Amino acid sequence: MNRSEIANPELGAVEVHGMSRASFILRGAVAAGAVYGAGAVGPYVSNAFAQSGGSDIDILNFALTLEYLETDFYQVKGAAVGLSGEAKALAKSFGDEEADHVAALTKAINAAGGKPVAKPKFAFPVTDQASFLKLAYVLENTGVGAYNGAGPSITNKQYLAAAGSIVQVEARHAAAIALLTGEQITPSGAFDMPLTKAQVLAKAGPLIKNG
Amino acid sequence: MPEPTTTESAPREVSAVESLARDDVERKKFLSMAGRRLGAGAASAGLAAFIAACGSSKSSSSSQSPSSASSTAAGGTATASPAGSSSDSDPSDLKIVNYALTLEYLESQFYAKVAASGLFHGKTLSVLKSFGAEEAEHVAALHKVASGLGTPAMEPTGKFPIHSAGQVTALAGTVENLGAAAYLGQAGNIQSKEILAAALAIHTIEARHAATLNTLLKKSPTPQGAFAKPMSMAQVLAVVKPFIA
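Quick mapping for you: the protein sequence lines, in order, are chains A and B. The numbering of the first sequence is this note's numbering, which starts it at 184 and goes up by one. The numbering of the second sequence is this note's numbering, which starts it at 15 and goes up by one.
What the hints contain is simulated information worked out from the structure, not anything from laboratory work. Among the hints, erroneous ones may be present.
[Stated by the list, open to error] Heads up, incomplete: computed chain B residues facing chain A, CB under 8 Å, no partners named: (1) T218; (2) I219; (3) P244.
Note that the coordinates shown come from a computational prediction; the quantities given were computed from them, not determined experimentally. Virtual Cβ for every residue (Gly too), placed ideally from N, Cα, C.
Produce the complete structure using the sequences and hints provided.
Pasting the structure below:
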C-alpha cells in the first residue's frame, strides 16, 4: 500500500457509494479504460454532462444569469440588509468581482453572436447579516458546482479558459465566506462536485422572479 | 511570486525548461533513477521527471536519455518547440496528469512536514492538516488516473524550508496559489472530458485552500481580482524548482 492509500483507506475499496466523491469518476474512468464516458464511468459523469444539449452560448447565458444573481445579491441585497465589518467589506469586494463577471460574459456572448439574457429580478429571503452570509455561502458554492458541471461541455477553449478563471474566483469567495462564518472551507471534501443545470436551478431558481 | 503572463510565447521560460533538461547533474540523477525501472515510458523521479512531465520539446530530446524520450512518446505527442513558442502547448493528458500529480505530491509532502513541525496549534493546525489530507486524496486520485493512461510519475523529493509559523504560512500561500494557477493553465489542454471534470473538481479546491491561506496572511482572497490568471507549465516549473531536491 502506498502512503496515500494508508492515509485514505477508503480509496483502496472497490466500491465508492453514492455520487459524493469525485474519486468515483476517476476510478471509473480508469476501470473503463475509455476516454469518453463509456457508461462505466457512471452517473457522476453523465450528470455533469446532462446539460450538454446546450451550446456554448447557452452555457455562457446560464452563467450570466448566475452572475447577475450574485451581483444583485451582494450589491443590492447587501445594502438593504445593512452589513458591517468584514462582511460589509467582503460584499463590496465580491460584488464588484461578480459585476466584472457579468460584463465579461455579456461581452463574450455578444462577440459570439449570441444574445445575452436580460437581467432577471431577484428576491433573496434574508433579513440580517447572518442569514445573508449563509446564503452567500450557498450561492458561491452553487456557482462553483455550476461552472465545474458545465466546463466539460464547453467546446470553445477560450470560453473554457474564461469559465475556469471565473470559477476559481467563486471558489475563493466561498472559502472566504466559510472563514467568516465557520462553515466548511471544502464542503464536499477533496473534490468539488460538478452540478447539473437542474441541480443549480434547484438552488438558484427560487430566487429568480418572473416579470 | 512573479506576475504571470497569460501568453504562451515566452522564450525565456522555454529556454529555462530546455536548459534544465540539458543540465548534466539532473540528467545523471535521472539516468540512475530510470535504470531502476523496466520498460518504455518508465517514470523517473525528481526534477528530470517534472521536466519530462512538462513535455519538453523534441528539439531537446537529443539531450534526454532514451527512457525519457520513450516516456515522452508513451505519453503522447511531444511538441516541437522552436524558440519563442511554448513547449507545453499540446501536452498529452498523461503529461498533464503527471504534472498535476507531481505538484500534488509536493503539496502533500509539504503539509506533512508542516503538521509535524510543531509550529501550529488549534484551529490553524486543524485546517492545515485537513488541507494536507485533501492533497493526499488528490495524489491518490491522479495516480490512479495516470496509471490508466500510462506510467504515473514517481514521487519527487520535496525540500521545503520550515522555520517559523509566519514563514510557513506564507509558503503555503505561495504553494496553493501556484497550484490553482497551474490547474487553470492546463484546463484548455486536457482532451478527455472525464479528466477535465476531475481537474476542475481539484482546481477549485486549490482555490479554496489559497483563499484561506491568503486570509490567514491578511491578504485578499482574490489577489488577482475577478479573473484568476493561469500559469504555464514552464512558469510553474520555475517557481517549483527550488522545492524539488
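* Asked: Hint by hint, which ones does the structure fall short of?
  -> none
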